[in-house]
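Residue numbers (my numbering), protein chains in the order written: chain F, 1 to 330; chain H, 1 to 285.
Treat the hints with caution; some may be incorrect.
As a list, the in silico DSSO-like pairs of lysine-lysine whose alpha-carbon atoms are at most 30 Å apart [what the hints assert, rightly or not]:
| no. | chain 1 | residue 1 | chain 2 | residue 2 |
| --- | --- | --- | --- | --- |
| 1 | H | 110 | H | 90 |
| 2 | H | 90 | H | 56 |
| 3 | F | 38 | F | 232 |
| 4 | F | 194 | F | 318 |
| 5 | H | 90 | H | 52 |
| 6 | F | 232 | F | 175 |
| 7 | H | 201 | H | 263 |
| 8 | H | 52 | F | 175 |
| 9 | H | 267 | H | 97 |
| 10 | F | 175 | F | 259 |
| 11 | F | 292 | F | 38 |
| 12 | F | 318 | F | 329 |
| 13 | F | 175 | H | 56 |
| 14 | H | 110 | F | 175 |
| 15 | F | 38 | H | 168 |
| 16 | F | 38 | H | 170 |
| 17 | F | 262 | F | 175 |
| 18 | H | 57 | F | 175 |
| 19 | F | 38 | F | 175 |
| 20 | F | 201 | F | 292 |
| 21 | F | 175 | H | 97 |
Derived contacts from chain H toward chain F, CB cut-off under 10 Å, selection only [to be verified]:
| no. | residue |
| --- | --- |
| 22 | 51 |
| 23 | 60 |
| 24 | 111 |
| 25 | 117 |
| 26 | 126 |
| 27 | 134 |
| 28 | 164 |
Note that these hints are calculated values from the structure, not bench results. Backbone N, C-alpha and C fix where the C-beta goes; we use that ideal spot for every residue, glycine too.
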Amino acid sequence: MNKEHIDVSTYHLLDVTSELEQEPIRSGFGAGLVEAGKQNDQVVAACADLTESTKMHLFRDAYPDRYIEIGIAEQNLVTVGSGLAAMGKIPFVSSYAAFSPGRNWEQIRTTICLNQQPVKIVGSHAGVSVGPDGATHQMLEDIAIMRVLPNMVVVSPADSVEAKKATLALAEDTKNPGYLRLAREKTPVFTTDKTPFAIGKAYVYAPGSDITIIATGTMTYQALLAAENLFKQGIDAEVVHVPTIKPLDATTILTSVSKTNKVITAEEGQIAGGLGSAVAELLSEEHPVPIKRIGMRDRFGESGSPDELLEAFGLTAKHIAMAAHHMMKS
Amino acid sequence: MKQKHTIPELETIAVQIRQDIIRMLEHAGSGHSAGPLGLTDIFTALYFDVLKYDPKKPDWNQRDIVLLSNGHCVPVQYATMAHAGYFDKKELMTLRKFGSRLQGHPERTKLPGLENTSGPLGCGLSQACGMALAMRMNQDLHRWIYVVMGDGEINEGNVWEAAMLANKYKLNNITAIIDRNNIQIDGQTEDVMPLEDLRHKWEAFGWHVIDIDGNNIESVIDTLTMSRAIVEKPVMVIAHTIPGKGVDFMEYDFHWHGAPPNKKQAKEALHELRTLQGKIRGEHE
Chain F
1 MNKEHIDVST
11 YHLLDVTSEL
21 EQEPIRSGFG
31 AGLVEAGKQN
41 DQVVAACADL
51 TESTKMHLFR
61 DAYPDRYIEI
71 GIAEQNLVTV
81 GSGLAAMGKI
91 PFVSSYAAFS
101 PGRNWEQIRT
111 TICLNQQPVK
121 IVGSHAGVSV
131 GPDGATHQML
141 EDIAIMRVLP
151 NMVVVSPADS
161 VEAKKATLAL
171 AEDTKNPGYL
181 RLAREKTPVF
191 TTDKTPFAIG
201 KAYVYAPGSD
211 ITIIATGTMT
221 YQALLAAENL
231 FKQGIDAEVV
241 HVPTIKPLDA
251 TTILTSVSKT
261 NKVITAEEGQ
271 IAGGLGSAVA
281 ELLSEEHPVP
291 IKRIGMRDRF
301 GESGSPDELL
311 EAFGLTAKHI
321 AMAAHHMMKS
Chain H
1 MKQKHTIPEL
11 ETIAVQIRQD
21 IIRMLEHAGS
31 GHSAGPLGLT
41 DIFTALYFDV
51 LKYDPKKPDW
61 NQRDIVLLSN
71 GHCVPVQYAT
81 MAHAGYFDKK
91 ELMTLRKFGS
101 RLQGHPERTK
111 LPGLENTSGP
121 LGCGLSQACG
131 MALAMRMNQD
141 LHRWIYVVMG
151 DGEINEGNVW
161 EAAMLANKYK
171 LNNITAIIDR
181 NNIQIDGQTE
191 DVMPLEDLRH
201 KWEAFGWHVI
211 DIDGNNIESV
221 IDTLTMSRAI
231 VEKPVMVIAH
241 TIPGKGVDFM
251 EYDFHWHGAP
261 PNKKQAKEAL
271 HELRTLQGKI
281 RGEHE
């Protein structure tokens with residue numbers, strides 16, 4: 001591989017083509033929340049009967065007096081969060097993304113966003129990589145429904161290390177509501193403790209000049225793999241990692257696209273309303289160029305192994321590379 | 001120390017607040033009439049007797065909390081807050097107007113003294129639970145949370161999720177008040193979605209339930225004060241009220257749930273309120 005391609009040194013990234021340690025993104029949240037709780041005693045947590053699945057049990061065990069078990073009641077979960085925040089707390093409220101924010105959007109809109117309370121909504125098990133549980137539990141629309149809400153910050157980390165940093169950053173924001181998107185399955189850990197992270201920033205992990213690949217969450221690793229392969233095949237792709245979908249880092253995206261004038265977006269969710277939409281909205285107003293969006297195309301997932309599903313729905317490095325080849329030809 | 005009012009004084013204040021509600025709604029040209037008029041005695045009791053607060057320091061960290069869960073009844077809260085000194089009564093006429101702090105449904109971030117943003121129903125009790133839990137974590141044991149809810153509102157499932165949580169954690173510094181006026185937009189509550197047996201439902205959910213006449217200020221004050229002494233459970237006050245209370249042609253009529261009076265109706269309503277439904281003679285109009 002060509003190590004000069006991915007900017008491993010600036011961002012302290014690990015070589016994505018090597019054998020990497022794997023960990024679920026949600027584990028980074030669990031560790032981050034304990035750390036946030038240690039740093040600030042106003043950080044509290046509530047969960048809707050999925051404490052271990054969302055890794056909130058780590059916080060519960062560390063700070064039992066600051067943990068509330070809500071039961072299977074996601075509307076109550078976020079609205080109790082609104083009340084906690086009104087009294088000065090920084091509440092993290094977690095469930096599966098399909099249920100929260102899937103079921104309780106209006107409570108989030110009215111009692112958290114319009115009411116400007118810094119509740120942090122944590123949706124685990126997002127994307128088709130949830131696997132065998134099937135379509136009901138594979139949340140694909142969360143980015144879309146959170147992104148449209150005024151005041152809401154939307155963060156979709158790429159691995160467990162970044163998820164920890166994102167959790168700490170959200171805990172420090174005492175003004176805004178936030179949504180943190182987490183995945184269930186183990187995924188490669190390619191960022192390190194030294195890799196920078198700030199809410200609202202996008203990062204050019206791999207510089208290139210031919211085409212811009214903009215990715216978020218689990219798809220950033222796939223985008224980097226694709227860029228490595230494309231480089232060998234003579235296509236110099238730039239990979240922009242967008243962990244914060246809202247507010248979108250327009251400067252970094254526009255700087256990249258002004259150079260390449262070709263764009264692929266990649267996300268493990270609906271392209272309608274998701275990262276692909278956010279980028280298309282930005283570019284169509286500021287710098288219209290051809291764009292290909294990789295993600296779920298107006299359909300639900302189904303049961304299967306994570307790898308089978310990602311392959312079937314075209315959410316791998318191979319599919320990103322194919323799209324790049326296609327765009328370079330046209 | 002806040003000056004204590006006698007019951008007749010409070011009744012006079014309530015009549016003034018009702019007049020302001022009529023003027024506000026007529027001027028706004030839209031809004032809800034029946035609920036605010038029915039709730040006026042409860043709000044008068046809260047702000048002029050029961051609550052601990054300072055209108056000059058709305059963020060005072062030892063204040064009691066009022067959460068209006070059925071946000072469409074906010075004209076009564078605005079009018080009562082103006083009378084209580086939160087802002088000038090003149091501002092009441094900006095209700096529902098562009099640029100006003102008095103939004104059609106209450107927005108916490110717009111007007112100091114409001115504790116929540118509501119309108120979509122069923123959320124106040126959950127927010128109260130969150131606040132009560134936070135107060136417990138903070139060892140803030142001398143503050144009280146009053147939640148005002150509509151009776152139609154408790155059709156919402158969210159309310160019952162909160163009811164279970166309040167029982168689980170024994171959130172005894174919550175006193176909830178259901179405005180039991182028996183009407184909602186589409187008609188009588190028992191026709192739209194039967195609520196009874198309301199008392200036993202709440203008791204089965206682990207609440208201490210008290211039925212009162214919600215248009216009797218003295219009974220409201222006695223009950224809300226007494227509710228602080230009930231330490232083992234959260235308290236639900238089922239306040240039986242007359243929708244449209246004080247204006248004869250509005251009373252008991254669900255058509256006034258979501259409608260404002262026009263100019264002629266407002267004049268008639270104000271006359272009725274000023275003369276205490278004809279009891280005061282000699283008014284020339």
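Item to complete: Have a go at the residue 111 of chain H hint: is there a Cβ in chain F nearer than 10 Å to its own Cβ?
Response: With a closest approach of 13 Å, the residue 111 of chain H hint is violated.
Fill in: Given pair status - residue 318 of chain F, residue 194 of chain F, alpha carbons within 30 Å
holds (29 Å)
Practice prompt. Double-check residue 51 of chain H for me: the hint is only fine if its C-beta lies closer than 10 Å to a C-beta in chain F.
Written response: violated (17 Å)
Worksheet item: Keeping to a limit of 30 Å between CA atoms, is the pair of residue 90 of chain H and residue 56 of chain H held or broken?
Response: holds (17 Å)
Worksheet item: Taking only the CA atoms, is the gap from residue 38 of chain F to residue 170 of chain H under or equal to 30 Å?
Response: holds (27 Å)
Discussion item. Given residue 164 of chain H as an interface hint, is its Cβ closer than 10 Å to any Cβ of chain F?
Written reply: holds (7 Å)
Worksheet entry | 30 Å limit on alpha-carbon distance, applied to hinted pair residue 232 of chain F and residue 175 of chain F | violated (46 Å)
Worksheet item: When you check the alpha-carbon spacing of residue 110 of chain H and residue 175 of chain F, does it fall within 30 Å?
Response: Holds, at roughly 16 Å.
Worksheet item: Is the Cα-Cα distance between residue 175 of chain F and residue 259 of chain F 30 Å or less?
Response: Given pair residue 175 of chain F, residue 259 of chain F is violated - Cα atoms ~36 Å apart, limit 30 Å.
Discussion item. Min Cβ distance, residue 60 of chain H to chain F: is it shorter than 10 Å?
Written reply: violated (13 Å)
Practice prompt. Sort out whether residue 168 of chain H lies within 30 Å of residue 38 of chain F, counting only the CA atoms.
Written response: holds (27 Å)
Item to complete: Mind checking the CB of residue 117 of chain H against every CB in chain F and telling me if the closest is under 10 Å?
Response: holds (4 Å)
The structure is inconsistent with the numbered hints 3, 6, 7, 10, 11, 17, 22, 23, 24, although it conforms to all the rest.
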